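Okay, here's what each chain looks like letter by letter:
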Amino acid sequence: MQLTGAQMVCECLIREGVDLLFGLPGGAILPLYQTLPEYPKLRHVLVRHEQNAGHAADGYARASGKVGVAVATSGPGATNLVTPLATAMMDSTPIVAVTGQVPRAAIGRDAFQETDTTGITMPITKHNYLVMDTKDIPRVMKEAFHIARTGRPGPALVDLPRDVLTETAEFDYPEHVNLPSYKPTLEGHGQMIKRAAQLIRESERPLLLLGHGALISGAFDEAREIAERAQIPVITTLLGIGAFPGDHVLSLGMPGMHGQAHNNWAIDRADLIIGVGMRFDDRVTGRLSAFAPNARVIHVDIDPAEVGKNVRVTVPIVGDAKRVLHALAMQVDKVSRPDWIAEIDALRDEHPLYPGGSGGLRPQRVIQEICEATDGRAIVVTGVGQHQMWAAQRYVFKEPDLWITSGGLGTMGFEVPAAMGAAFAQPNRPVWSIAGDGGFQMTMSELATIVEHNTPVKFAILNNGNLGLVRQLQDLFYGGGRVASGYTGNPDFVKLAEAYGIWARRVTEESEVRAAIEEAAAVDGPALIDFRVEPEENVYPHVPAGESVFETIESPAGREALAWLT
Amino acid sequence: MVDVTLNTERVHTITALVNDKPGVLARIAGMFSRRGFNISSLAVGVSETPGLSRMTFVVEGDEWVVEQVVKQLYKLIDVVRVTNLSAESAVMREMALVKVRSNADTRAEIMQLVDIFRAAIVDVGKDAVIVEITGNEEKVAAMIKLLQPFGVRETMRTGRLAMTRGAASGARRERAHTGGSAPDAEVVP
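Taken in sequence, the protein lines are chains A and B.
One point on numbering: in my numbering, the residue at position 110 of the first sequence is 110, and numbering is uninterrupted.
One point on numbering: in my numbering, the residue at position 189 of the second sequence is 189, and numbering is uninterrupted.
In short, the hints are calculated from the structure, not lab data.
All figures in this text were calculated on a predicted structure; none of them were measured in a lab.
We put the CB at the ideal spot given by N, CA and C, even for glycine.
Certain hints may be false.
Result set (DMTMM-like, lysine to aspartate or glutamate): computed pairs, CA atoms no more than 25 Å apart in a straight line [what the hints assert, rightly or not]:
no., chain 1, residue 1, chain 2, residue 2
1, B, K75, A, E16
2, B, K139, B, D123
3, B, K75, A, D116
4, A, K309, B, D123
Listed next, with one range per pair, are the computed distances between beta-carbon atoms [claimed, not checked]:
no., chain 1, residue 1, chain 2, residue 2, range
5, A, G65, B, E60, 57 to 67 Å
6, A, Y478, B, Q148, 52 to 62 Å
7, A, A484, B, V11, 44 to 54 Å
8, B, G166, A, T168, 31 to 41 Å
9, A, G218, B, G166, 42 to 52 Å
10, B, V11, A, G65, 39 to 49 Å
11, A, D221, B, V11, 42 to 52 Å
12, B, S89, A, P293, 31 to 41 Å
13, A, V483, B, L25, 40 to 50 Å
14, A, G357, B, E60, 44 to 54 Å
15, B, E63, A, Q2, 48 to 58 Å
Construct the entire structure; sequences and hints are all you get.
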């Protein structure tokens, strides 16, 4: 069958199960857009900025488990995808970006809207392609989707010169991918799994640390089986939240810089850490030399490069988390650990989560109310900063794959487009975008897209009129020098939403919180609540960067005790 | 637990079989630079298999660095195979071209040195010769040092090439070790 390159791209997308594209057209990619009407199966969502197309594809991918697709033109269209590609790379999200490029003859001549897209995105994609021959499109698209969704998932980019899209060639979609150099290891090594089971048997104070990999592989049941059978308390990393039911008696919460302090103390006490699909990131470990000083480590990860990268590992297991945990669960003995559980319970009592100061509307309270109103079963999307940490600490997820946040890259503004993408993926789930007033203003142009599609995203802006976490760092570690962290010209977010035709309310009192949440939830379509929260509120606990659990600041009182740090 | 401590700083020879495609060198060089690995030499050429090139890297660093280099190379889709060669099990060579000033008085002396080093004079001009020398880096360096007094105008070195001894081809897969002698360390993509 002879097809144009543009037709081939559409055929490939359909064959890969794609039915939704987020994008914004431009000259170089126009041949693809002009072909879209021939393929009604491909629904296109026109965004207001390419960055948001990328984050929407990311949110869509995380909420659906499918590959998200973003489309952009050459030059600025492609460079606007840089942040979402880097975000997806750090958080192992499968997205495929399709970008237009100037015609082949113009490449390298600084043509209008030319940029070296594959060169720019090389370190922030799992793999990328510049297609110089129309007949290569089927193979390249097949490989791009395969690479994006298998192994440790990640973003792939396919750059298509305009004349490659318009030329015709024989279309023959390959049945299989032929990539001899890319064969992810899925099964864990039997001997290592046996040794891991042995370590668990020998351990008195084990901890299970679940990361994003546990969610990606769908290891929810397997992790729970091991935890319950061997009575191992479970800690979930920022991106692993939801990999274990948050209301389970063995669920401890999040570790690290802003995790509940008892987690870090438990890690300090543990004699065995079982890290699954997580990478011992610096926000989790703090100072490496002081991390888990008494523990041996079992590290399960599908990416061999993560094993042994940050911490010394006693038992390395490279493989898919679900398969490894399934095999491990069969070898783990049923035991009880009353002493260890009691010790952890004591740690919990000793280190309660700081509830927020008196005075204004507490942001912590807002999160709790959203959690209660949605029964821990809404999709929650956040940006980066204080609101993200409060949500991570206080929204208790009862199911997996509901928590969508920019963890590794820490991308402010992620909350608006990613929530939109998630809502397209799960139209029957409530989707709450918990936003900061800073991040919201970075990507709020997508409100227009949301209105166009009546996408039922509920925005909860924790509006404190400043870049909260920056202000907090300045207060705690820079002697209170509040440089460039205060916003004095914020818009009236209620009026702003209303300008878009979005239902909106302002909340200033704690007594109004629940009713506003329920009203917003009842709206058929998007809604926005401007929560005017106490601007001086800080996120506690706070382990200073590069420090250990011993330097944890657990509340404003702890801040004074650690005055030497400033 | 202690962090992965840095010790036993040394030089390692790593070879990689990679797809012979545009941009592959950029992917590899980019990975080295953004992860802060130091390459002291890099040599590339086509391999015995059409469509594949072979690269030899000389990498400075401790065991942790080398393990990460091997694993990070494997993460690149275009890298087919990586081998960490030990000095004992491999033949390592470098070639250099050295342009040396020469005249009727010095030519004989230069030729004598070249003979001792089993090097060759591959071009003779009125006032300069080009010496071609092959050997390990020490031998090449020694040759250049001895030629220095005559006036070295230009040197061009290939960087290290390496190949395992015996029948084993570079096909033996490098263990992407994950710590200790763990069987799982044999994982390759």
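Evaluation of the provided hints:
1. K75/B / E16/A: holds (24 Å)
2. K139/B / D123/B: Measuring from Cα to Cα gives roughly 21 Å; hence the hint holds.
3. K75/B / D116/A: The given pair, whose Cα atoms are some 22 Å apart, holds under the 25 Å limit.
4. K309/A / D123/B: Violated, because 50 Å separates the two Cα atoms, which is more than 25 Å.
5. G65/A / E60/B: 57 to 67 Å: violated (43 Å)
6. Y478/A / Q148/B: 52 to 62 Å: holds (55 Å)
7. A484/A / V11/B: 44 to 54 Å: holds (46 Å)
8. G166/B / T168/A: 31 to 41 Å: violated (52 Å)
9. G218/A / G166/B: 42 to 52 Å: holds (46 Å)
10. V11/B / G65/A: 39 to 49 Å: Given range 39 to 49 Å: holds, Cβ gap about 45 Å.
11. D221/A / V11/B: 42 to 52 Å: holds (48 Å)
12. S89/B / P293/A: 31 to 41 Å: Since the Cβ atoms of S89/B and P293/A sit about 38 Å apart, the hinted range of 31 to 41 Å holds.
13. V483/A / L25/B: 40 to 50 Å: holds (43 Å)
14. G357/A / E60/B: 44 to 54 Å: holds (53 Å)
15. E63/B / Q2/A: 48 to 58 Å: This hint holds: roughly 55 Å between Cβ atoms.
Of the numbered hints listed earlier, those contradicted by the structure are 4, 5 and 8.
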